[in-house]
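Peer 1: Protein chains in written order, with the UniProt record's numbering: chain A, 1 to 379; chain G, 1 to 379.
Just so you know, not all the hints are guaranteed correct.
It does not matter which identical chain is meant; a pair holds if it fits inside one copy or across any two.
Straight-line C-alpha distance at most 30 Å; calculated DSS-like pairs for lysine-lysine [as the list claims (entries may be wrong)]:
#1 K325 x K14
#2 K84 x K53
#3 K53 x K325
#4 K286 x K84
#5 K125 x K162
#6 K201 x K325
#7 K53 x K125
#8 K325 x K125
#9 K84 x K14
#10 K11 x K226
#11 K14 x K109
#12 K109 x K325
#13 K84 x K132
#14 K162 x K53
#15 K11 x K125
Bear in mind the hints are in silico, worked out from the structure with no lab data behind them.
There are 2 protein chains.
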Amino acid sequence: MIVAITYELIKVCKQSGARLGRVHTPHGVIETPCFMPVGTQATVKTMSPEELKTMDARIILSNTYHLFLRPGHELIARAGGLHKFMNWDRAILTDSGGFQVFSLSEMRKITEEGVQFRSHLNGDKLFLSPEKAMEIQNALGSDIMMAFDECPPFPAEYGYVKRSIERTSRWAERCLQAHARPEDQGLFAIVQGGEYEDLRKQSATDLTSMDFPGYAIGGLSVGEPKPIMYRVLDYTVPLLPSGKPRYLMGVGSPDALIEGAIRGIDMFDCVLPTRIARNGTTMTSKGRVVVRNAANAEDFGPLDPACNCYTCQNYSRAYIRHLLKADETFGIRLTTYHNLHFLLQLMRDVRQAIMEDRLLDFRDEFFAQYGLNDNDKGF
Amino acid sequence: MIVAITYELIKVCKQSGARLGRVHTPHGVIETPCFMPVGTQATVKTMSPEELKTMDARIILSNTYHLFLRPGHELIARAGGLHKFMNWDRAILTDSGGFQVFSLSEMRKITEEGVQFRSHLNGDKLFLSPEKAMEIQNALGSDIMMAFDECPPFPAEYGYVKRSIERTSRWAERCLQAHARPEDQGLFAIVQGGEYEDLRKQSATDLTSMDFPGYAIGGLSVGEPKPIMYRVLDYTVPLLPSGKPRYLMGVGSPDALIEGAIRGIDMFDCVLPTRIARNGTTMTSKGRVVVRNAANAEDFGPLDPACNCYTCQNYSRAYIRHLLKADETFGIRLTTYHNLHFLLQLMRDVRQAIMEDRLLDFRDEFFAQYGLNDNDKGF
Numbered sequence: 001m002i003v004a005i006t007y008e009l010i011k012v013c014k015q016s017g018a019r020l021g022r023v024h025t026p027h028g029v030i031e032t033p034c035f036m037p038v039g040t041q042a043t044v045k046t047m048s049p050e051e052l053k054t055m056d057a058r059i060i061l062s063n064t065y066h067l068f069l070r071p072g073h074e075l076i077a078r079a080g081g082l083h084k085f086m087n088w089d090r091a092i093l094t095d096s097g098g099f100q101v102f103s104l105s106e107m108r109k110i111t112e113e114g115v116q117f118r119s120h121l122n123g124d125k126l127f128l129s130p131e132k133a134m135e136i137q138n139a140l141g142s143d144i145m146m147a148f149d150e151c152p153p154f155p156a157e158y159g160y161v162k163r164s165i166e167r168t169s170r171w172a173e174r175c176l177q178a179h180a181r182p183e184d185q186g187l188f189a190i191v192q193g194g195e196y197e198d199l200r201k202q203s204a205t206d207l208t209s210m211d212f213p214g215y216a217i218g219g220l221s222v223g224e225p226k227p228i229m230y231r232v233l234d235y236t237v238p239l240l241p242s243g244k245p246r247y248l249m250g251v252g253s254p255d256a257l258i259e260g261a262i263r264g265i266d267m268f269d270c271v272l273p274t275r276i277a278r279n280g281t282t283m284t285s286k287g288r289v290v291v292r293n294a295a296n297a298e299d300f301g302p303l304d305p306a307c308n309c310y311t312c313q314n315y316s317r318a319y320i321r322h323l324l325k326a327d328e329t330f331g332i333r334l335t336t337y338h339n340l341h342f343l344l345q346l347m348r349d350v351r352q353a354i355m356e357d358r359l360l361d362f363r364d365e366f367f368a369q370y371g372l373n374d375n376d377k378g379f
Numbered sequence: 001m002i003v004a005i006t007y008e009l010i011k012v013c014k015q016s017g018a019r020l021g022r023v024h025t026p027h028g029v030i031e032t033p034c035f036m037p038v039g040t041q042a043t044v045k046t047m048s049p050e051e052l053k054t055m056d057a058r059i060i061l062s063n064t065y066h067l068f069l070r071p072g073h074e075l076i077a078r079a080g081g082l083h084k085f086m087n088w089d090r091a092i093l094t095d096s097g098g099f100q101v102f103s104l105s106e107m108r109k110i111t112e113e114g115v116q117f118r119s120h121l122n123g124d125k126l127f128l129s130p131e132k133a134m135e136i137q138n139a140l141g142s143d144i145m146m147a148f149d150e151c152p153p154f155p156a157e158y159g160y161v162k163r164s165i166e167r168t169s170r171w172a173e174r175c176l177q178a179h180a181r182p183e184d185q186g187l188f189a190i191v192q193g194g195e196y197e198d199l200r201k202q203s204a205t206d207l208t209s210m211d212f213p214g215y216a217i218g219g220l221s222v223g224e225p226k227p228i229m230y231r232v233l234d235y236t237v238p239l240l241p242s243g244k245p246r247y248l249m250g251v252g253s254p255d256a257l258i259e260g261a262i263r264g265i266d267m268f269d270c271v272l273p274t275r276i277a278r279n280g281t282t283m284t285s286k287g288r289v290v291v292r293n294a295a296n297a298e299d300f301g302p303l304d305p306a307c308n309c310y311t312c313q314n315y316s317r318a319y320i321r322h323l324l325k326a327d328e329t330f331g332i333r334l335t336t337y338h339n340l341h342f343l344l345q346l347m348r349d350v351r352q353a354i355m356e357d358r359l360l361d362f363r364d365e366f367f368a369q370y371g372l373n374d375n376d377k378g379f
């Protein structure tokens, strides 16, 4: 059988154990570890596909829940699929809708069959199940699909999480059965289990027995302290097969990207860079810069003198601040471009450091320059 | 003396009398007749400078009133001038602030010295005069500056308009005196006079006696029926010197651009293409298309099959409609790009028709295709 998604291990960092690799998809090769910009509604907010290519984004994430609600997966299928609809010919990963059903929608009712909920847009009564999530993602035509999972909140009680991962495993099996296009689209399973080591192990054991082409770790970066997240990674990643990509969902702060890579993660996604950009906050080599601050009013230098992105090569903090204060969307384009470029460049640097067997040194250098210490590793 | 702005007449259309020419500026040559996109707050809303260049915009307009209020002309001067501040190395025209003082601000008090008013942003008490308008525009460093004028509303009583144009002429003289950089920046005067032929003549006679490098016609497209505007052009344009550019302020509907060119106008500006784009309305070769309409929900064709712009080459009506309905600013980027490209392409077509001595035929063909007839020539 032709497999849509394959992982190629290039080397392991002798200093950290991080992996340098490639994920091969029907829409191109992704160098890993990688960060995936989020295009929730079939667009990475404010960015054109060409701009994403200029910063060498190889894969973006789009949201099944949002596209199911609007404009509808059937419409996108009639448009020729999500790639064509949004003019993006590189890889796309779609989530399963599970996380949004649990975080955005109203009036959820969970049964073994699936989840009944009301649309956060118009209150329509809707239903998602493993089979429906596959139908939607098959219609969208993403390169990587995610299995439909139940996402327990953090913290959640042990018994609840145990019942939840067992259901998630049964749903994963149903997703495999329902997936109509395995030769075109790779389906990843999601390991859950909260902060309970034995439940993470149970979930990983169940799911890896089913032979998915990739595995995600879900239920992290949902409010828990970062040391807990790192500890979960420490004992969960080794449970995943080394020949397949490992995806840490919802993580995008610079420190957590590095720490995740050190722990063997290959793929990350997060709305952080685009969301904070819209508030006028940027990531730079010296740490956070809130462009709106009065200190930048007459700063005619770039956001980050160390950055070679379009924004930093052409525009001053004073100009960007003016645009943001005047509610000009071009200002948000410039901060969004910069933040995404910053994380994609960070991942290039991480890959280079793995190549040179010095990712732990790189981490320490980056943290020192970024102004992070052991007590302050949140972005 | 070196003159910053010169006009080169290439030819006159034998069929219509329209002029094909070039305006030479310190930041490049502008083929005329031309349309100038409006970048009110030092940015053409949603567009990058590179995008404006891709559609071959040679000159943009920016607003003295807005930049005076925010971020302030002194800050822009310290940034190295408006071109550098906004990363635009082609020509810029700045208006005088007169129109905005009369249309946007509050608590106006007009004296011979100037106009006292309150900022529409924060209520600050401010003062603009001919000297101040020159100081601001000299600080901005625009290629073409506009003389500070009084803008009577439409309709206005004869005696009021007469007193107003006489003041505008005295203010124009003061602008000439106050202009500190005539070798770097060209100063255009604005002919006013409402719909009173003798007052237009008096205003034009006064101002042309002062030898400005270009002349604008102001006080039109302010609510009067288009036939009145065309009649004013019919008797005003011939009063202007043929060796200098003629600029019709605030006009940007496709029909009025063509009718203005036929009457000898060389330059136009208007917020229309960018403003309607933000409401999801587009100009196409077949007339207006309101992209938000349900009829476009499953239309996978382009906004305009006859258009070769970035938007039409890459995106469907269905996708753009989805973006607009989902409040994604990329949708407004796409409609803005298209509308500006549409008007810039229209002006290229107008110039070609002048070259071929067939602008009247072109007008009739355009109007027929655009769905305009004699009773419906408003956009």
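Peer 1: Take the hints in turn and mark each one as holding or not.
Peer 2: Checked hints:
1. Taking the shortest Cα distances, K325 and K14 never come within 30 Å of each other, neither inside one copy (48 Å) nor across copies (50 Å).
2. When the C-alpha separation of K84 and K53 is checked against a cutoff of 30 Å, the pair qualifies both within a copy, at 16 Å, and between copies, at 26 Å.
3. Taking identical chains as interchangeable, the C-alpha atoms of K53 and K325 lie at most 30 Å apart whether they share a chain (29 Å) or sit on different chains (26 Å).
4. When the C-alpha separation of K286 and K84 is checked against a cutoff of 30 Å, the pair qualifies only between copies, where the shortest distance is 26 Å, while the shortest distance within a copy is 39 Å.
5. Taking the shortest Cα distances, K125 and K162 sit within 30 Å of each other inside one copy (28 Å), while across copies they are farther apart (67 Å).
6. For the homomeric pair K201 and K325, neither the shortest alpha-carbon distance inside one copy (50 Å) nor that between copies (43 Å) is at most 30 Å.
7. For the homomeric pair K53 and K125, neither the shortest alpha-carbon distance inside one copy (38 Å) nor that between copies (48 Å) is at most 30 Å.
8. Taking identical chains as interchangeable, the C-alpha atoms of K325 and K125 lie at most 30 Å apart only when they sit on different chains, with a minimum of 20 Å there against 40 Å within one chain.
9. Proximity of K84 to K14 under the C-alpha cut-off of 30 Å is found in neither arrangement, the shortest distances being 41 Å within a copy and 48 Å between copies.
10. For a Cα distance limit of 30 Å, the shortest separation of K11 from K226 inside one copy, 27 Å, qualifies, whereas the shortest one across copies, 72 Å, does not.
11. Taking identical chains as interchangeable, the C-alpha atoms of K14 and K109 are never at most 30 Å apart, the minima being 48 Å within one chain and 76 Å between chains.
12. Taking identical chains as interchangeable, the C-alpha atoms of K109 and K325 lie at most 30 Å apart only when they sit on different chains, with a minimum of 28 Å there against 43 Å within one chain.
13. Within a single copy, K84 and K132 get their C-alpha atoms as close as 22 Å, which meets the 30 Å cut-off; across copies the closest is 53 Å, which misses it.
14. Taking CA atoms no more than 30 Å apart as the test, K162 paired with K53 passes in neither setting, with 42 Å inside one copy and 59 Å between copies.
15. For the identical chains of this complex, K11 and K125 are neighbours neither inside a copy (49 Å) nor across copies (67 Å), given an alpha-carbon limit of 30 Å.
Hints 1, 6, 7, 9, 11, 14 and 15, counting from the list given before, are not met by this structure.
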